[in-house]
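Start counting the sequence shown at 2; every next residue gets the next number (my numbering).
Don't read these hints as lab results, they were simulated from the structure. This one's a predicted model, so the numbers in the text were calculated from it and none came from an experiment. It is possible that part of the hints are untrue.
Label-pair ranges, simulated between beta-carbon atoms [unchecked claim]:
| no. | residue 1 | residue 2 | range |
| --- | --- | --- | --- |
| 1 | Thr202 | Gly47 | 46 to 52 Å |
| 2 | Gly47 | Phe174 | 19 to 25 Å |
| 3 | Asn12 | Ala209 | 40 to 46 Å |
| 4 | Glu137 | Gly229 | 48 to 54 Å |
| 5 | Pro134 | Ile213 | 37 to 43 Å |
| 6 | Ala206 | Gly147 | 21 to 27 Å |
| 7 | Ala209 | Glu44 | 38 to 44 Å |
Heads up, the beta-carbon is just placed ideally off N, CA and C, and yes, glycines get one too.
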Amino acid sequence: MTQRIRLNEENRRWWTLGAMCFALFMIMLDNTVVNVALPSIQEDLGASLSGLEWTVNAYTLTFAVLLVTGGRLGDIFGRRMVFLGGVVVFAASSAAIGFAPTQGWLVAGRALQGIGAAFMMPGTLSIISNAFPPEERGKAIGTWAGVSALALAIGPVVGGALAEYVSWRAIFFLNLPVAAGAVAVTLFATLESRDETVDRTVDWAGIASLSIGLTALVLALVEGNAWGW
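Please put together the full structure from these sequences, using the hints given.
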């Protein structure tokens, strides 16, 4: 029994790495998987060109704006808790997009997906760094980075195949089993961690100011060309 407990403790970090990589794969895949499915989405929902642009940009905007906030809240309240909350939001919004009857529903779901991703992403790296000792941390972070690159690379291939042979909605339903696996393994193996050196008070005014400023910046970057800047 002692040997089994010791072995489980040794393996805990690798289970944790697997859960974080599952979540990371899902986040990064959804950055590129939608692009090639836009013609199918337009045909099915009768989406306008602006609506198609926002199908991509809504995710990017909320993800970029709230990424710092997600990391900060994880440091204060617990990285595992914030990460799991992000996975739930991401999965729920993916399901909502999969059943989207209108263009507006789709864009709103993509914005919520970005919020979930922003709460997940910082936790994946922080949790991995906390789970592994210094001598193994480089290998774990290298795996994390490799999974991110792989997801970005195969996103268009996966999106194109699903849109052509199944349905564009399958792109989003694909997230559900991945999210379920990430939640199950995280609950099973991942220990809670937080930054004990930070002030536990949440600076909501600062978060709001940062979010507004980043929203203006990112919005200008993604829409500047369309506005003729």
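Structure-based check of each hint:
{"no.": "1", "hint": "Thr202 / Gly47: 46 to 52 Å", "verdict": "holds (48 Å)"}
{"no.": "2", "hint": "Gly47 / Phe174: 19 to 25 Å", "verdict": "holds (21 Å)"}
{"no.": "3", "hint": "Asn12 / Ala209: 40 to 46 Å", "verdict": "holds (42 Å)"}
{"no.": "4", "hint": "Glu137 / Gly229: 48 to 54 Å", "verdict": "holds (52 Å)"}
{"no.": "5", "hint": "Pro134 / Ile213: 37 to 43 Å", "verdict": "holds (40 Å)"}
{"no.": "6", "hint": "Ala206 / Gly147: 21 to 27 Å", "verdict": "violated (39 Å)"}
{"no.": "7", "hint": "Ala209 / Glu44: 38 to 44 Å", "verdict": "holds (39 Å)"}
Checked against the numbered hints above, the structure breaks only hint 6 and satisfies the rest.
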